[in-house]
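Peer 1: Letter by letter, the chains look like this.
Protein chains: 2
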Amino acid sequence: MTESWANPGVAGPSAFGADLHLHLELTGPGLRAGLTQALREAVRGGRLAPGTRLPSSRSLAADLGVARNTVANSYAELVAEGWLTAQQGSGTRVARRARPARAASGRAAEVRAGASRPGPTYGLLPGSPNLAEFPRTRWLGAARRALTAAPYDAFGYGDPLGRMELRSVLADYLARARGVYAEPERVVVCSGFHHGLTLIAQVLRARRVRAVAVESYGFDVYRNLLAGAGLDIPPLPVDEHGARTDDLVRLPGVGAVLVTPAHQYPTGVALSPDRRTAVVDWARATGGLILEDDYDGEFRYDRQPVGAVQGLDPERVVYFGTVSKSLAPGLRLAWMVLPGELVRQVAAAKGSVDWSSALEQLTLAEFIASGAYDRHVRAMRLRYRRRRDQLVAALASRAPGVRVTGLAAGLQAVLELPPGTERAVVEAAARRGLAVGGLAQFRYEVADSGRRPPERDALVVNYAAPSDSAWAGALDALCRVMP
Amino acid sequence: MTESWANPGVAGPSAFGADLHLHLELTGPGLRAGLTQALREAVRGGRLAPGTRLPSSRSLAADLGVARNTVANSYAELVAEGWLTAQQGSGTRVARRARPARAASGRAAEVRAGASRPGPTYGLLPGSPNLAEFPRTRWLGAARRALTAAPYDAFGYGDPLGRMELRSVLADYLARARGVYAEPERVVVCSGFHHGLTLIAQVLRARRVRAVAVESYGFDVYRNLLAGAGLDIPPLPVDEHGARTDDLVRLPGVGAVLVTPAHQYPTGVALSPDRRTAVVDWARATGGLILEDDYDGEFRYDRQPVGAVQGLDPERVVYFGTVSKSLAPGLRLAWMVLPGELVRQVAAAKGSVDWSSALEQLTLAEFIASGAYDRHVRAMRLRYRRRRDQLVAALASRAPGVRVTGLAAGLQAVLELPPGTERAVVEAAARRGLAVGGLAQFRYEVADSGRRPPERDALVVNYAAPSDSAWAGALDALCRVMP
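Chains as they are written, first to last, in my numbering: chain A, 1 to 483; chain B, 1001 to 1483.
One should not assume that every hint holds.
What the hints assert, rightly or not - Here's a subset of chain B near chain A, in silico, CB distances under 10 Å, partners left out: (1) 1041; (2) 1083; (3) 1172; (4) 1467; (5) 1471; (6) 1473; (7) 1479.
Stated by the list, open to error - If you want the footprint, here are the derived chain B segments under chain A, 3+ residues with CB under 8 Å: (8) 1244-1257; (9) 1395-1407.
For the record, the hints were derived by calculation from the structure and aren't laboratory data. Every residue gets a Cβ at the ideal spot worked out from N, C-alpha and C, and that includes glycine.
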């Protein structure tokens, strides 16, 4: 795919319609000299990039309140000096050879091109859905309808809780699709799970919570976020039934627990019914809060999705959802459904303003309300399921010793490896251009706690992420590095 | 294609309150079909909530400039389809069954209609640009081009510093229009000034800064944000030359200063050259940081915009800019240009992910690069300037005793009042349906500091915000309450 981002410095005819800021002493006989000097400095210093089209002498003269000839003469002088070029029909531009001291635009171009620097050929790292499948056309259609229909106040400083149109549509959707007890008043929009967890950490601290239990496998960024907010984060072991929530009663001083019940991240197991009951019982008995990260609850393949724990006791659960797996992380849109008593505190933590674009919020509301969201999720569920089945079939025939787990849902699978081989396999994969994560990077150990999770060698394979054209190659490379 | 914002002005909670916006193809034989379709979509999409009373066919017809029968026939068709109901004496309403099940939509509708609950007729409170002027069509065009051209990785978890396309375009724009020394590498995108200041407060705390001087007139939300982050906030007096930055040397232990140099908020004066020099000298001598809030630097009417202080010493200034005044606060897009040494720390404070929608960032980049941003700012500058001139002329003829200041730039003016009258005037305005701010609400005093700013009675009047249709009435009401 070609990037068509024109550096405005080298863009076409509309490049300058345009404001130009100059430091000028606009008085007396030195007027023209001052203007010439200011323009020269702007070019020399790099503020005006090579190729930038300058305003017409008429328009700049009007802006500066000087005679047009003064500007025209300045331009002519700088053309003579080689700083500017003048061409029939394309106006006056900064000369290309006038490369300034700084090379900002050039560096920017390098960074922009960075996507194509040598890197892994195949990316199977967990975390991202298939970005090639983002429904651009339908999203744009929703954006058009939303933008056309938006009331004036959508363009203003918003409600810190988010646009009511989206909160209302989400309440309907979450009740229907995820079994969440949701009223629009307790739905809060945020800029991704990271933002939501930041807000909740702030609220927990304000409520004098000192420790949040976390799963012994998980994403370190979120553990670090909680720890950075001054919270202790004792680990809760994870086994084949999910997090050992029955252990919570043995962890003194814990005021909240962060769990991934629908699909433990990254091991992929669902929290068993007993454990669901245990975590709710714990929360009721202690006044603790359950932080339910429902990051990919929509994607379950072999039966109905497991409903959210939140439905069991909405006053004890902070439910987190996101479009990061169902649509795209780049939208930076997520939501929380809060116990009623927390709404006010979360709003206060968010500050006096909304943080997410009202237009994006209205677009998502329209996208969901029109049914496009459901259709997209359903289509992706079929595609991801097919990918999963292909992965299982390929491994069964080419690496029959490898046991695959965490398959029932989500975007990734866990490939169990013989003890002690994980690191070697990850490195062998890298040599084949295959970026794949070992389970070790998700393991959370507290050295002196005696609560070390059992060592487990495994790969976490995101079978959803590769584009269709890369998938066959990625699968082949994966099978080749299996022991 | 015609866009119409009909406000039939029907009062009462269950009546049709908000503006009814319909996107119509108002030509040819498809007129009625187009209207029917637009209404049906508005009901189906939830924009028109169950029970909502529609404007009378006469009034909607007048607003759309079509025959009354066309509207009446559309209504009849939708009644037949079950989308609307018509009852003698209570007009045409959205059918209750049109959006079944949960009461959420009803509640949402109430909240949505909240914009039309009894409130001020005219809003002149400072802070917001003219929301009716948001360039919907051109923004959507930019969004379409951006979405079409976006590389796959734009849909993924982004660089915490923001999309390079936008940072690069902003660097060029800020250099050209605001005299900012900007390299893309030191431009950081954030979700509004509030987000940016939150990040900087975190970084300042990590650098063991204990106090940030603030202007003795300003927006309390930002002072509270700094104080909430654990920073002391000694006031810096503001006079007719801007903040008394020459006083900084007499404030011990201050590690940073938050200023609005281009257009002091809300008094409207520009920081004088001496004071600009003073603040830079202070920063260099003490290693302090200047936090430059350039919230409306684009809007200057009588001469070239005052360039940013940042250009004087990029390594000592954190420059903040935003689209909140130039486009719309609802986009939640702002940016910082950082001293090189702070980039890493701000990225760390932001966390491992971007916070702003990549699509909105790419849209803004495209909007700027295409020249649409410059054209919009220019057009708005002309409109706001005309508004300002009308305000001055009206006051000169109808309230000649009132001195108007802070006029050279921005979206608001300060109307100086006789001592002791401010509160009475604000209240008299409220009784006339005029929401207008007194200067007192922006005053920052520290009781025991002996640094009280001189008492000044004044109104802060946002002449930019009212829609065109409201402006004449707002101006008239304002003149009537002047002493």
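Peer 1: Establish whether the coverage given for the region 1244-1257 of chain B by chain A is satisfied; the threshold is a Cβ-Cβ distance below 8 Å, and no fewer than three residues must meet it.
Peer 2: violated (count 0)
Peer 1: At a threshold of 10 Å, is the proposed contact between residue 1083 of chain B and chain A supported by beta-carbon distances?
Peer 2: violated, 15 Å
Peer 1: Have a go at the residue 1471 of chain B hint: is there a Cβ in chain A nearer than 10 Å to its own Cβ?
Peer 2: violated, 14 Å
Peer 1: Once the shortest beta carbon distance from residue 1479 of chain B to chain A is found, is it less than 10 Å?
Peer 2: violated, 25 Å
Peer 1: With a cut-off of 10 Å, does the beta carbon of residue 1467 of chain B approach a beta carbon of chain A closely enough for the hint to hold?
Peer 2: holds, 8 Å
Peer 1: Checking hints one by one. Is residue 1473 of chain B an interface residue toward chain A, by the C-beta closer than 10 Å rule?
Peer 2: violated, 17 Å
Peer 1: Quick check on residue 1172 of chain B please, does its C-beta sit within 10 Å of some C-beta on chain A?
Peer 2: Check passed: Cβ of residue 1172 of chain B comes within 5 Å of chain A, closer than 10 Å.
Peer 1: State whether the coverage of the region 1395-1407 of chain B by chain A holds or is violated, taking the criterion as 3 or more residues with Cβ-Cβ distances under 8 Å.
Peer 2: n = 0 at 8 Å, threshold three: violated.
Peer 1: Hint residue 1041 of chain B vs chain A: min CB-CB distance below 10 Å?
Peer 2: Constraint on residue 1041 of chain B satisfied, holds at 8 Å.
Checked against the numbered hints listed earlier, the structure breaks hints 2, 5, 6, 7, 8, 9; every other hint is satisfied.
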